[in-house]
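There are 2 protein chains.
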Amino acid sequence: MFSSLNEYLTLSLITNHRKMYTLQKAQQIISSNIKRLPGESVDLKDGLNRIVFSDITAIVPQPPFDESMRDGYVIPESDEHDKATKRFEIVGEIPAGKTYADRLHPGTACRIMTGGCVPRGGVHVVPFEKCAEQNGEMVVAGHLLESARYIRKKGSEIALGDRVVQSGVALQPMHLALLSSCGVRSVDVSTRPSFGFLCTGSELRSLSSELEKGQKYSSNSVLLEGLSTSFGACPEDLGVIEDNKSDLLDFFLKAKGRGLDFLVTTGGVGPGKYDLVRDAFVEAGGQVVFTALDMRPGKSVLFGILEGTLFFGLPGPSFAVQTLFNVLVGPAILAMQGGKGRWPQKVKGCMQHQITTKRSDVLRLKDGVLTSDRGSCSVRVAARCEISNCYILLQSGEICYPKGALVDVYLLAG
Amino acid sequence: MFSSLNEYLTLSLITNHRKMYTLQKAQQIISSNIKRLPGESVDLKDGLNRIVFSDITAIVPQPPFDESMRDGYVIPESDEHDKATKRFEIVGEIPAGKTYADRLHPGTACRIMTGGCVPRGGVHVVPFEKCAEQNGEMVVAGHLLESARYIRKKGSEIALGDRVVQSGVALQPMHLALLSSCGVRSVDVSTRPSFGFLCTGSELRSLSSELEKGQKYSSNSVLLEGLSTSFGACPEDLGVIEDNKSDLLDFFLKAKGRGLDFLVTTGGVGPGKYDLVRDAFVEAGGQVVFTALDMRPGKSVLFGILEGTLFFGLPGPSFAVQTLFNVLVGPAILAMQGGKGRWPQKVKGCMQHQITTKRSDVLRLKDGVLTSDRGSCSVRVAARCEISNCYILLQSGEICYPKGALVDVYLLAG
Numbered sequence: 001m002f003s004s005l006n007e008y009l010t011l012s013l014i015t016n017h018r019k020m021y022t023l024q025k026a027q028q029i030i031s032s033n034i035k036r037l038p039g040e041s042v043d044l045k046d047g048l049n050r051i052v053f054s055d056i057t058a059i060v061p062q063p064p065f066d067e068s069m070r071d072g073y074v075i076p077e078s079d080e081h082d083k084a085t086k087r088f089e090i091v092g093e094i095p096a097g098k099t100y101a102d103r104l105h106p107g108t109a110c111r112i113m114t115g116g117c118v119p120r121g122g123v124h125v126v127p128f129e130k131c132a133e134q135n136g137e138m139v140v141a142g143h144l145l146e147s148a149r150y151i152r153k154k155g156s157e158i159a160l161g162d163r164v165v166q167s168g169v170a171l172q173p174m175h176l177a178l179l180s181s182c183g184v185r186s187v188d189v190s191t192r193p194s195f196g197f198l199c200t201g202s203e204l205r206s207l208s209s210e211l212e213k214g215q216k217y218s219s220n221s222v223l224l225e226g227l228s229t230s231f232g233a234c235p236e237d238l239g240v241i242e243d244n245k246s247d248l249l250d251f252f253l254k255a256k257g258r259g260l261d262f263l264v265t266t267g268g269v270g271p272g273k274y275d276l277v278r279d280a281f282v283e284a285g286g287q288v289v290f291t292a293l294d295m296r297p298g299k300s301v302l303f304g305i306l307e308g309t310l311f312f313g314l315p316g317p318s319f320a321v322q323t324l325f326n327v328l329v330g331p332a333i334l335a336m337q338g339g340k341g342r343w344p345q346k347v348k349g350c351m352q353h354q355i356t357t358k359r360s361d362v363l364r365l366k367d368g369v370l371t372s373d374r375g376s377c378s379v380r381v382a383a384r385c386e387i388s389n390c391y392i393l394l395q396s397g398e399i400c401y402p403k404g405a406l407v408d409v410y411l412l413a414g
Numbered sequence: 001m002f003s004s005l006n007e008y009l010t011l012s013l014i015t016n017h018r019k020m021y022t023l024q025k026a027q028q029i030i031s032s033n034i035k036r037l038p039g040e041s042v043d044l045k046d047g048l049n050r051i052v053f054s055d056i057t058a059i060v061p062q063p064p065f066d067e068s069m070r071d072g073y074v075i076p077e078s079d080e081h082d083k084a085t086k087r088f089e090i091v092g093e094i095p096a097g098k099t100y101a102d103r104l105h106p107g108t109a110c111r112i113m114t115g116g117c118v119p120r121g122g123v124h125v126v127p128f129e130k131c132a133e134q135n136g137e138m139v140v141a142g143h144l145l146e147s148a149r150y151i152r153k154k155g156s157e158i159a160l161g162d163r164v165v166q167s168g169v170a171l172q173p174m175h176l177a178l179l180s181s182c183g184v185r186s187v188d189v190s191t192r193p194s195f196g197f198l199c200t201g202s203e204l205r206s207l208s209s210e211l212e213k214g215q216k217y218s219s220n221s222v223l224l225e226g227l228s229t230s231f232g233a234c235p236e237d238l239g240v241i242e243d244n245k246s247d248l249l250d251f252f253l254k255a256k257g258r259g260l261d262f263l264v265t266t267g268g269v270g271p272g273k274y275d276l277v278r279d280a281f282v283e284a285g286g287q288v289v290f291t292a293l294d295m296r297p298g299k300s301v302l303f304g305i306l307e308g309t310l311f312f313g314l315p316g317p318s319f320a321v322q323t324l325f326n327v328l329v330g331p332a333i334l335a336m337q338g339g340k341g342r343w344p345q346k347v348k349g350c351m352q353h354q355i356t357t358k359r360s361d362v363l364r365l366k367d368g369v370l371t372s373d374r375g376s377c378s379v380r381v382a383a384r385c386e387i388s389n390c391y392i393l394l395q396s397g398e399i400c401y402p403k404g405a406l407v408d409v410y411l412l413a414g
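From first to last, the protein sequence lines are chains A and B. The opening residue of the first sequence carries number 1 in our numbering; numbering runs sequentially from there. The opening residue of the second sequence carries number 1 in our numbering; numbering runs sequentially from there.
Be aware that a few hints might be false.
What the hints assert, rightly or not - No farther apart than 30 Å at their CA atoms in a straight line, the calculated lysine-lysine pairs in the DSS-like style are these: (1) A:K340 / A:K358; (2) B:K254 / A:K45; (3) A:K348 / A:K366; (4) B:K273 / B:K154; (5) B:K403 / A:K340; (6) A:K130 / B:K299; (7) A:K213 / B:K153; (8) B:K366 / A:K153; (9) A:K273 / B:K98; (10) A:K273 / A:K19; (11) A:K273 / B:K254.
As the list claims (entries may be wrong) - Covered by chain B, according to a simulated footprint, are these stretches of chain A (three or more residues, beta-carbon under 8 Å): (12) 142 to 151; (13) 245 to 251; (14) 344 to 355.
Derived from the structure by calculation, the hints contain no laboratory data. Glycine included, each C-beta is placed from N, C-alpha and C at the ideal position.
Model the full structure from these sequences, guided by the hints.
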């Protein structure tokens, strides 16, 4: 208990002197504290959604041999300017996957299928529909030997050693297909950051317990597990603990030796008497970088370093956890994997309705829903319990955004 | 080999009589053949990205009790119109997670923390900053007892039995948090469709082999594995086989007894001599629904039913596999899980540059990149080897789309 109101006021005064950063400054300082993780080699088929560690180059060119682009006949060099009807003796057939062992001599032709391997001496494919077959010969009007030769040359799409996928790209199914064609069996991807999380709050119980009056289920555990997974981290649930200084200290001391890449707590970062995360973190040897943002949510959010582990002390309410995760923690997880592109990505949206804010002293991030409407990016405030796909940035100083106004919007990753 | 060119021409004639559908008609007919899969119960934390089978309702209301919205003092009913200074004897403290056993009697107050449980008789929270504490009493100016009572009533956000998440929704981290708060431990989600795939082509080798001349690595295996996973199916790689009628027939006969939800092949659906998928499928008892689309890609694509299994015979080239998967197969996988919303989702995009097409006889789907540009949805054709995020629909009959034109765009799911 407070011995007097003065104790509360003193606490408030201390917190008013907290290190308060703008969102941009916070993003910069977090970014400057990130060390990129090493790479690891995984089987191509396990590479889906992983982030490429270093540029991947082709081991097999595309196409891997001169290939026919049509079903037809492959013929050797002939005089295209001679308009007379020409005849070629059919000496073989080349379905896909097979080769013609011999060289193609003048006056001879092979039937060839799309994707078939053009034999030595073959320079021109005449599609079936442009010629005829008579008594073992292919007959074609000379003027039909147009410039199109219907042969895709070896390496014309991707040469041996060409870069196929750039470092920092999150591998999509089509990348895997491309890499597979190019003979790439395994890929170097960034290791996944380890991500430990703890929910603090004396009122919190895990879902397996029964609630007593005054208690709540801890909803941030599943939230953090889901969000960290979406950003590519390996989550580890470190449990739920009460607002108790010695338990918190114990937790930080244990976490310190774990060598985690990320440690995140929820709750206990406000100015209240039971907000003990900061003290325990500092006592365990943590270095505080900032304790507040000039933004809502973000009035109370701690960022610091605990022996090489990046620590985020997020507030308790789930909506604030989600927002701060998406704009601070998630982008840091991506950056640690060398992810390409800046997250959160900022775009402009056109307000679907007017927004008025009561206070305009700080930047406000409002859950939004961005949709495409006849060629324009239209944005509205998300309804209660509706899942947002963006945040609308309501700048400090502005209290009214009329319908149709262009506003800054942060897209949610994934 | 063809015994004569006539054989080839006969084949071509047959294929000209193929069942050709528009994309819209194809989507409708696939949709009408889909039976929704049953649900299964999974732990909440395993529910990420799964599709909800039936509406989920709250087991615990939100908030679960009358809770304080501020750090302050909770007091019983008092006369707000009396502007005189009031005093309340402080009889206890209620941190989050604890309760005050007694009823709050007139003239008494308890300290209470944000999220603390309002005791019986408590109707009003006075924030710390609006009052003072003197000699064991809370002192407040009567006029400060404003209308705001800083109490969130039990069930005011979500009442017991309220629907929290609707059937058909793919669960996101924030849904999990919401459900967790509402005491939901496990969720009924749609079972994942089983999805078998086979790549056909005598030129194809798996990545573990060495290539001989004329051969290629099968790139569609990883592509189909990745795409089907992204849409929520359980993929099973059924291998690579040659263009050989008896092997194909054998494959379909075996697949028939498996009770798969989806069966997909690539290659072997063109008009060529070695395109044997259709024949083998029919001989195995498959019913052909359509064999071509009035669209590029899609000139050759087979959809049919094999004893309750939906069968898609896709063409060989990876770009065509990806496109047809995204507009036909993927949406069917989602629909079988009861996924909400129509895929592919169609929006309008504004052309970043002029497109001219050579032929305009059919609808063309072109790989595109959709971005947001100062409030408008801007779209351009994807560069070679660039990963697209949409398809631009170039309508038949149109041959030129000028810069700035509004075009239809299919968004890629996931």
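In rising order, the numbers of the hints this structure does not comply with: Of the numbered hints, 1, 4, 11, 12 and 13 do not hold.
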